[in-house]
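Got chain A; can you put chain B on it based on the hints?
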Amino acid sequence: MPDFALLRTTTFRVALLYLGLFLASVLVILVLIYWFTAGFIERQTDETIAAEIAGLREQYRQRRLPGLIEVVKARSAVPRTSTLYLVATPTFTPLAGNLSDWPDARPDPDGWIEFEIADAPEEPDGGSHEARAVVFTLPGGYHLLVGRDTMERRHFQERVLISLAWALLLTVGLGAAGGVLISRNVMHRIDAINRTTRQIMSGALQERMAVANTGDELDQLAGNLNAMLDQIEHLMVGMRQVTDSVAHDLRTPLTRLRSRLEITLVEAGTEDEYRAAIQEAISEADRLLGIFSALLSIAEAEAGTMQRSFQKVSLSDLARLMADLYEPAAEEAGLGFVGDIEAEPIVLGNQQLLAQAIANLLDNALKYTPSEGCVTLAVKGPAGARGACISVADTGPGIPAAQRESVLRRFVRLEASRSSPGNGLGLSLVDAVARLHGARLEMDDNDPGLVVSLVFPRMGPE
Amino acid sequence: MSGGMGGRAGGGGAGDADPDGGFGDGHPREGSGERPFFGYDGAMKILVIEDDAQAAAYLVKGLKESGHVVDHAADGKDGLFMAGSENYDVLVVDRMLPGRDGLAVVEILRGAGTETPVLFLSALGSVDDRVRGLRAGGDDYLTKPYAFSELLARVEALGRRKSAAAVTTTRLHVGELEMDLLARKVKRAGKQIDLLPREFRLLEYLMRHEGNVVTRTMLLENVWDYHFDPQTNVIDVHVARLRQKIDREFPTPMIHTVRGAGYCLRA
Chain A
6 MPDFALLRTT TFRVALLYLG LFLASVLVIL VLIYWFTAGF IERQTDETIA
56 AEIAGLREQY RQRRLPGLIE VVKARSAVPR TSTLYLVATP TFTPLAGNLS
106 DWPDARPDPD GWIEFEIADA PEEPDGGSHE ARAVVFTLPG GYHLLVGRDT
156 MERRHFQERV LISLAWALLL TVGLGAAGGV LISRNVMHRI DAINRTTRQI
206 MSGALQERMA VANTGDELDQ LAGNLNAMLD QIEHLMVGMR QVTDSVAHDL
256 RTPLTRLRSR LEITLVEAGT EDEYRAAIQE AISEADRLLG IFSALLSIAE
306 AEAGTMQRSF QKVSLSDLAR LMADLYEPAA EEAGLGFVGD IEAEPIVLGN
356 QQLLAQAIAN LLDNALKYTP SEGCVTLAVK GPAGARGACI SVADTGPGIP
406 AAQRESVLRR FVRLEASRSS PGNGLGLSLV DAVARLHGAR LEMDDNDPGL
456 VVSLVFPRMG PE
Chain B
871 MSGGMGGRAG GGGAGDADPD GGFGDGHPRE GSGERPFFGY DGAMKILVIE
921 DDAQAAAYLV KGLKESGHVV DHAADGKDGL FMAGSENYDV LVVDRMLPGR
971 DGLAVVEILR GAGTETPVLF LSALGSVDDR VRGLRAGGDD YLTKPYAFSE
1021 LLARVEALGR RKSAAAVTTT RLHVGELEMD LLARKVKRAG KQIDLLPREF
1071 RLLEYLMRHE GNVVTRTMLL ENVWDYHFDP QTNVIDVHVA RLRQKIDREF
1121 PTPMIHTVRG AGYCLRA
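So the protein sequences, as listed, match chains A and B.
If you count the first sequence from 1, you need to add 5 to reach my numbering.
If you count the second sequence from 1, you need to add 870 to reach my numbering.
In case anyone wonders, no lab produced these hints; they're calculated from the structure.
These numbers come from a predicted model, not from an experiment.
Be aware that a few hints might be false.
[What the hints assert, rightly or not] Only some residues are given here: those of chain B computed to face chain A with a beta carbon under 10 Å:
no., residue
1, A1059
2, F1070
3, F1098
[Said to hold, decoys possible] Distance ranges between label pairs, derived from CB positions:
no., chain 1, residue 1, chain 2, residue 2, range
4, B, K934, A, Q246, 41 to 51 Å
5, A, M241, B, A993, 19 to 29 Å
6, B, D1117, A, M241, 39 to 49 Å
The C-beta atom is built at its ideal place from N, Cα and C for all residues, glycine as well.
Just chain A, with the same shape it has in the complex (with noise of 0.2 Å):
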């Protein structure tokens, strides 16, 4: 991997903004550093002078001018102090002091200066020596400076400016190089991701991402990317098992549909044969079509897309309908037909597919039940942890409770029923269209007899 691809990476962007964002909260902290200790120096210097200046006033109130000159005296002769004093005389010739001349510095109307000592000792580097002031006329027109000298204020300054500058080009440093690094490592599993997905699509059909099982995003990811690589194996699984199903199923009556026409093309001799053969030929071809079209409705139940055009539907008011147009087919069949209404239930979905499938139940119900027997109609209301029901009854042999699962998948049909017409596809769309809706297919003993029922998951309030 080339090095600016780097810098194209969704981490290395995020890494950057972060060092961004970073760098500025950093900035802050230091300026507030710098006011904390630089600032501080500064106003202890403004503080000390006032305090200097306090203790002059009081001796000058005490011993007047005399005494003021005695005091300065003194406290110039204090060696290595950094405390400036000066009294002058009205024409500015000085009297007292550590000063050799009244600094030539326009005061500021509070009367501070800020000037450079002339004659100060030379320092190492070479800069010259800063001070600053407070200046006072006395009674008399005799002048007073009182100041220190901010060289070694101005050192600490420097020092912890430079010390700051230094903290703040290592956060940088130090910040661009972490971004680096973890965009790296997270560009490393993404990568490894990237590689296996190639691979799964190149063939490899079994690979899955690692997961590191530390339970972060990309962790997350590649095991949702796992689920659903399972997901679709699972789905060609039972894409093969119908292929499966659909070419022996669909090529048994082919065959038998194209051996019938052979046979009829070098046998048949009359007019009358032919159409007797062309009459089996179409009933055959009709039931192909049927399988085909009841396989065609199972995928479009199963391929879920249709949850979008979803509406609310009456389970009672479908079961009337549905009862309306099966009852004499029941009745025809020597059938008793019970609608058992109890409540007035609405859940989202398809009509049409919820229509079909309670037909194919009515139908298999119809179709298995000796006569005599009865078929029911049920719609129960939700009750408790369960939701609204729709159920068909019959009294007729029931399915084994071993067997109930299998029925469901296409083209089983249980031994018992193989002399009657079906496909063995009706359990399955049923089963299906159940599934799109969200809904539980269960199969229970109606002692005698079988009862199956959709459990429809409970609806929020409205």
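Just chain B now, kept in the frame of chain A:
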């Protein structure tokens, strides 16, 4: 799916599993004899827009043999031109056409104010596809593969509707059968017949399509508003019950079974 498309939605013909599905001429039939096999007695002008040459030839041949005048366009552009320049009774449009697809053709025609009934043919049979076809201006929707008898019945029902559409009646008459749509009463030869609500709607649909073959799926779609094929003979039982009430006490039957296709009400 309910409501909005009631009464005009089509479809589900793929598995129209009647055991004797038939194509046409001189086929064995039940009921009375001298009329043509499929009961529509006025020739219609039909345009078939279908790109598959074999399917088109099959359609054109079948429709011609049923007594109609048929034109064929092999793509959407030609179809649009022909439909715009000639006066057809029914358009049979394949949904997927090269160049301009069937949906667009019908949308353009409807946009230009053409009211000709359209039957969509499509290999796309899902509920959503059907809704899209009807929304684009189709009047009926038949999924491939279909039985020709189903297609013919639907085409003739559409052509019929065009001629009857303008008249809003409160009374229907077929021979000695009389239906009062407001009072919900039915009489045959002056004798009142009591019908259940569903039987009434069934008879109403048959009477509105007098002389036409109506298939089981057409009845299920238009009377019950469902678009699937019940495996058992539910529709036959309903018709048998209606027939009991309409025909039993009278010398001549009015509801005829057309083998391999459906039913037909005739005076």
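Structure-based check of all given hints:
1. At about 26 Å, the closest approach between the beta carbon of A1059 of chain B and any beta carbon in chain A exceeds 10 Å, and the interface hint on this residue is violated.
2. Interface restraint check: F1070 of chain B against chain A, minimum CB-CB distance 12 Å, threshold 10 Å, status violated.
3. A distance limit of 10 Å between C-beta atoms decides the matter here; for F1098 of chain B the minimum to chain A is near 4 Å, and the interface restraint holds.
4. Between K934 of chain B and Q246 of chain A the C-beta distance comes to about 45 Å, which sits within the given range of 41 to 51 Å.
5. Our hint of 19 to 29 Å for M241 of chain A and A993 of chain B holds, since their Cβ atoms are close to 24 Å apart.
6. Distance hint for D1117 of chain B and M241 of chain A: a CB-CB separation of about 56 Å, inconsistent with the stated range 39 to 49 Å.
Hint compliance for this structure: hints 1, 2 and 6 are broken, all remaining hints hold.
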